[in-house]
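Start from the sequences, fold in the hints, and give me the full structure.
There are 2 protein chains.
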Amino acid sequence: MARRRRTSSVTEERYKSRSVAEMIAKHGEFAGFQNPTRALYQTIRELVENSLDATDTKKILPWIHISIKEESRNSVNGARPWYIVTVEDNGVGIPVTVMAQAFGKVLFSSKYVIKQTRGMFGLGVKAVTIYAQQTTGSPIEVYSSTAESQYVYMMKIKIDMKNNMPKVLEKGDWAKKAAWRGTRVRVKIEGDWKKAKSKIIEYVKRTAIIAPYAEIIFETPDGTIYYYPRTTRKMPEPPKEAKPHPHGVNVEDLREIIASSKARTLKELLVSEFQSVGEKTALEFLSKFGFDPDMNPKELLKREKEGELVKLVEALSQFKFRAPKSDYLSPLGRDIIIEGLTRMFSPEWVDAVTRPPKSYKGHPFIVEVGMAYGGAIKPVDEPVLLRYANKIPLLYEEREDVSYKVLKSINWKNYNVEFPAPLIVLIHIASTKVPYKGLGKESISETPELESEIRNAVQEVARRLKSYLIKKEREEEAMRKAEALAKYIPEIAWSLAVLSKPPDSWTPPTPEEVNMFKEKLIDIVAEKVRVVGPGGEEVDMKKLVKRVVDSVELE
Amino acid sequence: MARRRRTSSVTEERYKSRSVAEMIAKHGEFAGFQNPTRALYQTIRELVENSLDATDTKKILPWIHISIKEESRNSVNGARPWYIVTVEDNGVGIPVTVMAQAFGKVLFSSKYVIKQTRGMFGLGVKAVTIYAQQTTGSPIEVYSSTAESQYVYMMKIKIDMKNNMPKVLEKGDWAKKAAWRGTRVRVKIEGDWKKAKSKIIEYVKRTAIIAPYAEIIFETPDGTIYYYPRTTRKMPEPPKEAKPHPHGVNVEDLREIIASSKARTLKELLVSEFQSVGEKTALEFLSKFGFDPDMNPKELLKREKEGELVKLVEALSQFKFRAPKSDYLSPLGRDIIIEGLTRMFSPEWVDAVTRPPKSYKGHPFIVEVGMAYGGAIKPVDEPVLLRYANKIPLLYEEREDVSYKVLKSINWKNYNVEFPAPLIVLIHIASTKVPYKGLGKESISETPELESEIRNAVQEVARRLKSYLIKKEREEEAMRKAEALAKYIPEIAWSLAVLSKPPDSWTPPTPEEVNMFKEKLIDIVAEKVRVVGPGGEEVDMKKLVKRVVDSVELE
Chain S
108 MARRRRTSSV
118 TEERYKSRSV
128 AEMIAKHGEF
138 AGFQNPTRAL
148 YQTIRELVEN
158 SLDATDTKKI
168 LPWIHISIKE
178 ESRNSVNGAR
188 PWYIVTVEDN
198 GVGIPVTVMA
208 QAFGKVLFSS
218 KYVIKQTRGM
228 FGLGVKAVTI
238 YAQQTTGSPI
248 EVYSSTAESQ
258 YVYMMKIKID
268 MKNNMPKVLE
278 KGDWAKKAAW
288 RGTRVRVKIE
298 GDWKKAKSKI
308 IEYVKRTAII
318 APYAEIIFET
328 PDGTIYYYPR
338 TTRKMPEPPK
348 EAKPHPHGVN
358 VEDLREIIAS
368 SKARTLKELL
378 VSEFQSVGEK
388 TALEFLSKFG
398 FDPDMNPKEL
408 LKREKEGELV
418 KLVEALSQFK
428 FRAPKSDYLS
438 PLGRDIIIEG
448 LTRMFSPEWV
458 DAVTRPPKSY
468 KGHPFIVEVG
478 MAYGGAIKPV
488 DEPVLLRYAN
498 KIPLLYEERE
508 DVSYKVLKSI
518 NWKNYNVEFP
528 APLIVLIHIA
538 STKVPYKGLG
548 KESISETPEL
558 ESEIRNAVQE
568 VARRLKSYLI
578 KKEREEEAMR
588 KAEALAKYIP
598 EIAWSLAVLS
608 KPPDSWTPPT
618 PEEVNMFKEK
628 LIDIVAEKVR
638 VVGPGGEEVD
648 MKKLVKRVVD
658 SVELE
Chain U
108 MARRRRTSSV
118 TEERYKSRSV
128 AEMIAKHGEF
138 AGFQNPTRAL
148 YQTIRELVEN
158 SLDATDTKKI
168 LPWIHISIKE
178 ESRNSVNGAR
188 PWYIVTVEDN
198 GVGIPVTVMA
208 QAFGKVLFSS
218 KYVIKQTRGM
228 FGLGVKAVTI
238 YAQQTTGSPI
248 EVYSSTAESQ
258 YVYMMKIKID
268 MKNNMPKVLE
278 KGDWAKKAAW
288 RGTRVRVKIE
298 GDWKKAKSKI
308 IEYVKRTAII
318 APYAEIIFET
328 PDGTIYYYPR
338 TTRKMPEPPK
348 EAKPHPHGVN
358 VEDLREIIAS
368 SKARTLKELL
378 VSEFQSVGEK
388 TALEFLSKFG
398 FDPDMNPKEL
408 LKREKEGELV
418 KLVEALSQFK
428 FRAPKSDYLS
438 PLGRDIIIEG
448 LTRMFSPEWV
458 DAVTRPPKSY
468 KGHPFIVEVG
478 MAYGGAIKPV
488 DEPVLLRYAN
498 KIPLLYEERE
508 DVSYKVLKSI
518 NWKNYNVEFP
528 APLIVLIHIA
538 STKVPYKGLG
548 KESISETPEL
558 ESEIRNAVQE
568 VARRLKSYLI
578 KKEREEEAMR
588 KAEALAKYIP
598 EIAWSLAVLS
608 KPPDSWTPPT
618 PEEVNMFKEK
628 LIDIVAEKVR
638 VVGPGGEEVD
648 MKKLVKRVVD
658 SVELE
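Residue numbers (this note's numbering), protein chains in the order written: chain S, 108 to 662; chain U, 108 to 662.
Among the hints, a few may not be true.
Given that identical chains are not distinguished, each listed pair holds provided it fits within a single copy or across any two copies.
[What the hints assert, rightly or not] The list that follows gives simulated cross-link-like pairs (lysine to any residue, SDA-like), each with its CA atoms no further than 20 Å apart: (1) 515 - 504; (2) 427 - 382; (3) 350 - 606; (4) 123 - 272; (5) 265 - 413; (6) 269 - 124; (7) 405 - 375; (8) 123 - 270.
Note that these hints are calculated values from the structure, not bench results.
Pasting the structure below:
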């Protein structure tokens, strides 16, 4: 067995290489695998997010089955429990040609395009494979089939850590009988269900909130089954792939674009490889900065043209191109946010906004905010924050997140909300590049453009909440007045009945006579006050006033 | 030119590989390169920290020259400024055989051993190389020579991003005339000195605080030169390389250890490849868990022995081995912390503690805390925190750091400190694995063992501060009393001089007679009050009382 360490002869410092798989293995904490609790949580996340990406991409109504089972085993006393985690979906499936690498090669991914996806780094599920190898020594097991395929394929995959290459321990294939399509991943890891339980349950719940179009079944090691049925068939439009925006490229990016482009002139390069650049803009830009539109871009890759290449990048970053396109982003949309918040929290009021697209450093983004108030929501000391990025719920590191900081700075009294209050705020950021603080994707950096857009979105919905609260207060006031008035109706009705008779032939009014006046008075009071109930429906004031009248008579 | 994209035939999802260099290029934010301000700061950090590692390792008294110059150039209007950053040291130097890779291959490093070093990931300086390529298109330039070498070598290095391999654009060597040894790195990057200035100056200052044994010269683009002369020749003992502790290994680690070990039996493997395991312990451990001490460990690498290998790791993590050794850690030591705080802040009181070693998950660590109070320090609303990890100053993300959280939770009133107060707290964590939150190495995770040790250390020094403050208060009280008393001395002396004469032959006392009594009274008062001054020296009370007496007489 060859020793890998390269010992240099002239110094005691020993230099050596590490593969990126070894790097992740040594520093799992950066991928969210710092301890058995986080590792179990992160494993669920990575698998569920892959499943959702695999359904979203083709607008497939998702069906996702998550299961965690404790492995019963006779092992070393006091050793930590092992769990078998299984996640199955009805997504597009993984072609057998890339299956081994997709699970067994760090930095191999379908997510390396400019597109809004949950996955971004090409790390997540490989970090799961590595963690399984490290803790239980077992491979990750994958069954998958694409719609086009005649077969279901299975592989048990480990990672050859030194070379960052997949090792397939076992494989098989079966002819498909039914039209099954999807992926089923099974992995055995060390974990701590007791400690991770509340976060994992919350994670699945929050996933369900913004995916009312998904059917999600979650079996816990305790035997509990959480079932989130599909409540709508309306799905957001899938995200689309985009070309880079000129403001978002650096020298190395441009080098790569030129190298892989078929464009034979600079003008063609700009028009065909970038977004927001038409023929006219390209020519205007090139002439402004003194570039020859007919130059072969490959020329710029030559060593002596280095300066030109750099100058082109600087020019691209300075020129006023159209803002990045955002029609390839896939926000949740107002309806889905309202649907999700309503079915999960049964609030008395709910609203949401999808803001117009903005951009930072050439990356477009959309902020969405939903709020739910009252009803079944319990009053708490600060708003409950539900954070999402590219449709992923974020649960850890809340206080380090830009959304938390914005929310913290809102003066809720300006919006007629006095804490403790029953308020939930959902914030979703959709972008082709979410500025996460770490590879574990738990909190988002304070990018100024993002911060200001989140603030705008929160304020917009908060103003609507304020209108509702003001209206509600006025109506409650009107209601109180109507009730106060109603209390006098029996007495006034009796008096009117008495007064309506000629004084000379006075007889005590009959109940029918009194009732007639009562009915009329009820009509008058009921007509003057119109109240809209918590669900938006008009309150039947006549019924309400009648009830008050009856209760007075019973006294 | 071959297109790198691998398009799978059966689906539209395009899968591809990324090299780790491309990963860092796309996500520079994780390595501290999120914008031109942070990038300039991070570049200085990476180069200075390499220089300090290169001197510490052989206990060489460091001489470090840092220079940042703005590049004057005619470029696109409104383009960001470029800076030429140069850092030179007198460290061990980089052997020419590894020079290209050390600067041009991500995840190639001399730091992949169990040792307390500033560098950890094998990323830092390569992230600088990548950033230079991305922004100015220029290579990193390195001059270096080891003590043993007859030559000084130079290379201009770029990274071939697709393959994560160095590209040497230019190289040269010169026969050494003097006995020069060290490294000089020069790089041209986009940056924002105006915004980064205060942080970079602070960074160099904080580096100097804990390295009073180093000579540091820092030239800024403004033309200012910061010079920190060496004020002590006492250096901490260099860190030493250690073997892994049995509690810190997982299945993949053990597999690697076995593969590269020459041990022919399990017993030999444990004794030779691990720390804290002697022959007796090894035998006791193996028999307890039913392993054959004479088994060839390579057997465990066979597929069918997977279960045994996993069982061995679990057993290792359960068995009560001796705690990780810490004598290979290199704390700063109390003297250096006191020296550094004193010369930088001229406090009235300073103290420090180096706590005994502790460990977490098989990694030993030492916490050190220094405090400086009063003197030239200005009162502020909360203690000024100087954070360090493996002798690196940490400046960003303070509020996310475990040290900040501990400090925030301290009730300073218990230690007689009422804010605003002139208090500086220095916290240093030395470990073979510092639990950083990110690759940018700016904040440290709340590891419970670490948190409790930081608390202990802060409390220990705070108690000493409290003693000082109590004593100081008492002494100020005594001083006030002595002064009050001293004011009456002239009058009492006169009266005593009068009274001491026989009433029958009374004459007014001569000044000499009065003076005699005055001197005696001064002696009495001065003897009763002993006060220690801010520097720890005893105050000459006689002089002080005399001064008060004289001032009274002048009135």
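Here is what the structure says about each hint:
{"no.": "1", "hint": "515 - 504", "result": "both (15 Å within a copy, 18 Å between copies)"}
{"no.": "2", "hint": "427 - 382", "result": "within (13 Å within a copy, 62 Å between copies)"}
{"no.": "3", "hint": "350 - 606", "result": "neither (85 Å within a copy, 106 Å between copies)"}
{"no.": "4", "hint": "123 - 272", "result": "both (19 Å within a copy, 14 Å between copies)"}
{"no.": "5", "hint": "265 - 413", "result": "between (42 Å within a copy, 13 Å between copies)"}
{"no.": "6", "hint": "269 - 124", "result": "both (9 Å within a copy, 17 Å between copies)"}
{"no.": "7", "hint": "405 - 375", "result": "within (12 Å within a copy, 59 Å between copies)"}
{"no.": "8", "hint": "123 - 270", "result": "both (13 Å within a copy, 17 Å between copies)"}
Taken one by one, the earlier hints fail for this structure only at number 3.
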